[in-house]
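Novice: Sequence:
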Amino acid sequence: MHMSWRISRLLTAVIFMAGSAGAATFVVPSDRDLIHRTDAIVIGTALVSYGQLNSNNGIETVTSISVEKVIKGSGIQETINVVEPGGVFGSRASIIAGAPRFENGERMLLFLARTGNNRWSATELVLGKFTFRNEGGKSLLVRDESEIVGWDPDLKQHRELRRDAAQFLQFVGDEVRGRMPSANYTVTEPVAATTTSPASSGPRFVAAPTFVAQALAFSANSYTIVMSGTQGGRWNVFPNAVSWLSGAGGEPGAPGSGSTAIASAFASWNNDPNSNVNYVYAGADNGTHTQGLHTADGANTILFERDLSAWGAAPFTCSGSSYSGTLGLGGVTNASGTHTGPNGEVFWTTVEGDVEMNKGIANCTTLFNNGDWTSAVTHEVGHTLGFRHSDQNRASSGTCASDPSLECSSAAIMTAVVTHGVNGALQAWDVHAVDAVYPGASAPPPPPAANGSPYDADTKADEAVFRPSEGKWYVKRSAGGTAIVQWGLPNDRPMPADYDGDRTTDLAVWRGGVWYVRPSSAAVMTVAWGIPGDVPVKGDFDADGKADFVVYRPSNGTWYVKYATGATTSRQWGLPGDIPVAADYDGDGRTDFAVFRPSTGFWIIVQSSSGAALSRQWGFSGDTPVPADYDADGRADIAVWRPSEGNWYLNRSTAGIVTIQLGQAGDIPVPNDYDGDSRADTAIWRPSTGQWIMRRSSTSAVFADQWGLPNDVPVPSK
Numbered sequence: 265m266h267m268s269w270r271i272s273r274l275l276t277a278v279i280f281m282a283g284s285a286g287a288a289t290f291v292v293p294s295d296r297d298l299i300h301r302t303d304a305i306v307i308g309t310a311l312v313s314y315g316q317l318n319s320n321n322g323i324e325t326v327t328s329i330s331v332e333k334v335i336k337g338s339g340i341q342e343t344i345n346v347v348e349p350g351g352v353f354g355s356r357a358s359i360i361a362g363a364p365r366f367e368n369g370e371r372m373l374l375f376l377a378r379t380g381n382n383r384w385s386a387t388e389l390v391l392g393k394f395t396f397r398n399e400g401g402k403s404l405l406v407r408d409e410s411e412i413v414g415w416d417p418d419l420k421q422h423r424e425l426r427r428d429a430a431q432f433l434q435f436v437g438d439e440v441r442g443r444m445p446s447a448n449y450t451v452t453e454p455v456a457a458t459t460t461s462p463a464s465s466g467p468r469f470v471a472a473p474t475f476v477a478q479a480l481a482f483s484a485n486s487y488t489i490v491m492s493g494t495q496g497g498r499w500n501v502f503p504n505a506v507s508w509l510s511g512a513g514g515e516p517g518a519p520g521s522g523s524t525a526i527a528s529a530f531a532s533w534n535n536d537p538n539s540n541v542n543y544v545y546a547g548a549d550n551g552t553h554t555q556g557l558h559t560a561d562g563a564n565t566i567l568f569e570r571d572l573s574a575w576g577a578a579p580f581t582c583s584g585s586s587y588s589g590t591l592g593l594g595g596v597t598n599a600s601g602t603h604t605g606p607n608g609e610v611f612w613t614t615v616e617g618d619v620e621m622n623k624g625i626a627n628c629t630t631l632f633n634n635g636d637w638t639s640a641v642t643h644e645v646g647h648t649l650g651f652r653h654s655d656q657n658r659a660s661s662g663t664c665a666s667d668p669s670l671e672c673s674s675a676a677i678m679t680a681v682v683t684h685g686v687n688g689a690l691q692a693w694d695v696h697a698v699d700a701v702y703p704g705a706s707a708p709p710p711p712p713a714a715n716g717s718p719y720d721a722d723t724k725a726d727e728a729v730f731r732p733s734e735g736k737w738y739v740k741r742s743a744g745g746t747a748i749v750q751w752g753l754p755n756d757r758p759m760p761a762d763y764d765g766d767r768t769t770d771l772a773v774w775r776g777g778v779w780y781v782r783p784s785s786a787a788v789m790t791v792a793w794g795i796p797g798d799v800p801v802k803g804d805f806d807a808d809g810k811a812d813f814v815v816y817r818p819s820n821g822t823w824y825v826k827y828a829t830g831a832t833t834s835r836q837w838g839l840p841g842d843i844p845v846a847a848d849y850d851g852d853g854r855t856d857f858a859v860f861r862p863s864t865g866f867w868i869i870v871q872s873s874s875g876a877a878l879s880r881q882w883g884f885s886g887d888t889p890v891p892a893d894y895d896a897d898g899r900a901d902i903a904v905w906r907p908s909e910g911n912w913y914l915n916r917s918t919a920g921i922v923t924i925q926l927g928q929a930g931d932i933p934v935p936n937d938y939d940g941d942s943r944a945d946t947a948i949w950r951p952s953t954g955q956w957i958m959r960r961s962s963t964s965a966v967f968a969d970q971w972g973l974p975n976d977v978p979v980p981s982k
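Under the numbering used here, the final residue of the sequence shown carries the number 982; numbering is consecutive throughout.
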């Protein structure tokens with residue numbers, strides 16, 4: 265079995281046939297408070313990391329740090345060891361919620377707690393690590409933002425801000441020396457990236473979705489935390505009961521010593537009518553099951569007032585209305601083997617789950633009395649059911665919107681930051697998740713398959729539309745039958761093409777610089793290529809039978825190509841205002857760089873077979889370029905459709921010039937080979953009626969068919 269692991273905010277362990285997963289929640293302290301609670305502050309660079317076993321047979325990762333400058337602390341060596349929970353050792357792997365990870369050569373500002381002789385940990389886990397980053401020509405110090413889940417001390421949702429590096433370092437130094445400086449170093453908005461090439465590294469900010477899709481439009485696994493490969497964890501015993509114990513002593517000051525919140529959490533998940541979850545509270549433990557998330561001990565527990573300092577988290581602080589620190593962790597402690605779950609999907613089999621709430625929460629009256637405490641416990645219990653965060657991807661390493669195969673919501677029990685004011689009640693996303701992963705007898709029908717193409721593989725183009733309001737593709741196959749598949753979000757640009765070389769059209773969308781491809785015969789692909797404002801282009805530029813990732817940048821008239829092999833190239837060909845019309849004009853099997861210049865009506869083409877340039881006037885401003893092979897000679901023909909007349913003007917490479925009347929203003933031209941004679945047919949899609957109207961080249965007969973609704977986007981195959 266091939267095992268893989270990734271570092272994320274979730275605790276995930278994979279031990280060949282056993283694993284664990286969890287999540288951490290913080291009340292993020294102020295920078296001033298963080299400075300004073302830490303033992304040392306240094307600037308350093310990560311040299312090398314390796315895994316080892318600790319005294320409890322758990323995995324930890326040691327990173328050697330070359331110290332460049334000491335801002336706080338004494339007796340600090342030139343090279344220090346920073347030890348954090350989780351990592352890889354032999355055939356085992358573990359990923360702990362909120363634990364920082366280090367890349368070789370990474371330069372950082374580190375807030376450190378001494379945990380032994382030349383042994384340090386980042387203060388408050390990931391909160392104590394700041395990485396130097398250059399963005400837009402400005403030097404910043406940033407945390408691993410996707411790792412931070414929680415509130416500010418006033419219990420408002422935390423929003424992580426970037427810090428100007430020079431100003432923040434000045435603040436830290438002044439605060440260490442007792443000068444009480446002003447905190448005027450934050451950069452309130454992300455600095456815009458100045459990259460001019462899509463191949464350049466840098467952040468790509470993706471807007472969160474503004475909708476919640478309908479229930480069960482997504483696979484059951486898509487609602488779960490990734491444990492290995494694409495598989496999440498799931499209990500396989502419901503509707504039989506799974507019993508839980510609370511820690512001996514409970515949570516002082518909380519209603520029912522914490523049992524009230526546990527009962528409310530269980531009721532929320534158990535009482536959904538279309539699922540079969542059955543969590544049962546069996547009372548307080550007798551003190552024999554104390555391992556929690558540290559290692560499996562044979563009992564499912566919710567433990568309070570837990571010492572998490574071994575994982576770099578100091579006790580939670582509560583004073584009046586001020587709160588600070590790590591609230592707790594929760595998730596799947598042990599999963600062993602796999603089973604087939606809903607709709608034939610494979611899951612790891614959960615055999616133990618645990619929740620640990622931090623030491624120091626006792627008697628935080630305000631926290632206990634508002635509904636957020638109940639929501640927090642319900643949230644952590646949701647992780648023991650295997651659920652991911654509703655607003656993040658399955659690894660919690662990015663936004664949910666970064667993966668079009670996921671349902672997303674910013675208002676759910678399972679959001680990364682507990683939704684305020686819902687008092688533990690499940691929201692729409694939570695209901696969809698529990699219905700999909702734990703369906704009861706009255707569960708809805710299964711979602712679409714996770715792979716395969718809705719298009720067919722015959723020689724005729726299929727009628728199809730992409731519905732942005734739903735993110736769904738509606739395909740009417742020429743070979744017979746229909747298919748509906750969810751793939752994408754509103755404002756995505758559909759880019760169907762054959763990306764895996766199996767001669768079947770694949771689903772794909774382009775989202776402001778990222779391609780999301782659902783190949784019919786391979787794994788889902790996510791490729792960052794382009795920036796907002798680019799125009800994505802379809803084509804096979806190296807004749808390998810696979811569509812490449814290509815964008816045309818109108819601002820500089822440059823084409824950027826990322827071949828299916830991974831190699832890249834760029835070519836300046838065009839001017840601002842030109843329209844890209846890439847196609848194979850010379851019949852060598854390779855797509856040629858080409859633009860249509862509306863201001864002059866010229867087509868300007870680079871022939872890939874010879875490298876020669878071709879310039880030809882064909883069309884006027886206001887025409888729509890519609891290049892295609894209209895005469896079956898293997899070469900794309902220059903052609904335009906004139907909306908004002910409904911006329912097609914074809915300049916065919918072997919069959920000569922012809923004018924065909926088809927369509928009217930408001931129609932969308934969709935030329936393609938709908939009758940399978942190797943010649944492109946003139947065709948339009950009429951948004952007002954959802955009709956496809958095509959003139960078949962094999963018979964010259966006009967055919968009309970209704971498929972789609974207004975505001976759909978036509979996406980025929982081939």
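Please note that the accuracy of each hint is not assured.
The list that follows gives simulated cross-link-like pairs (lysine-lysine, BS3-like), each with its CA atoms no further than 25 Å apart [as the list claims (entries may be wrong)]:
hint, residue 1, residue 2
1, K982, K810
2, K740, K982
3, K333, K402
4, K724, K740
5, K982, K724
6, K802, K736
7, K736, K724
Simulated restraints, written as ranges between beta carbons of each label pair [as the list claims (entries may be wrong)]:
hint, residue 1, residue 2, range
8, N345, R767, 30 to 40 Å
9, T630, N345, 35 to 45 Å
10, A831, T552, 58 to 68 Å
11, G910, T746, 41 to 51 Å
Hints are computed from structural coordinates only; laboratory data are not their basis. Values in this document were obtained by computation on a predicted structure and should not be read as measured data. For each residue, glycine too, the CB sits at the ideal point set by N, CA and C.
Novice: Give a verdict on every hint.
Specialist: Do the hints match the structure? See the list:
1. K982 to K810: Roughly 12 Å separates the two Cα atoms, so the pair holds.
2. K740 to K982: Distance of about 13 Å is within 25 Å: holds.
3. K333 to K402: Judged against 25 Å, a Cα distance of about 21 Å means the pair holds.
4. K724 to K740: It holds: about 12 Å lies between the C-alpha atoms, which stays within 25 Å.
5. K982 to K724: holds, 8 Å
6. K802 to K736: With a Cα-Cα distance of about 20 Å, the restraint between K802 and K736 holds, given a limit of 25 Å.
7. K736 to K724: The given pair, whose Cα atoms are some 22 Å apart, holds under the 25 Å limit.
8. N345 to R767: 30 to 40 Å: violated, 55 Å
9. T630 to N345: 35 to 45 Å: For T630 and N345 the Cβ distance comes to about 40 Å; the hint holds.
10. A831 to T552: 58 to 68 Å: holds, 60 Å
11. G910 to T746: 41 to 51 Å: Given range 41 to 51 Å: violated, Cβ gap about 29 Å.
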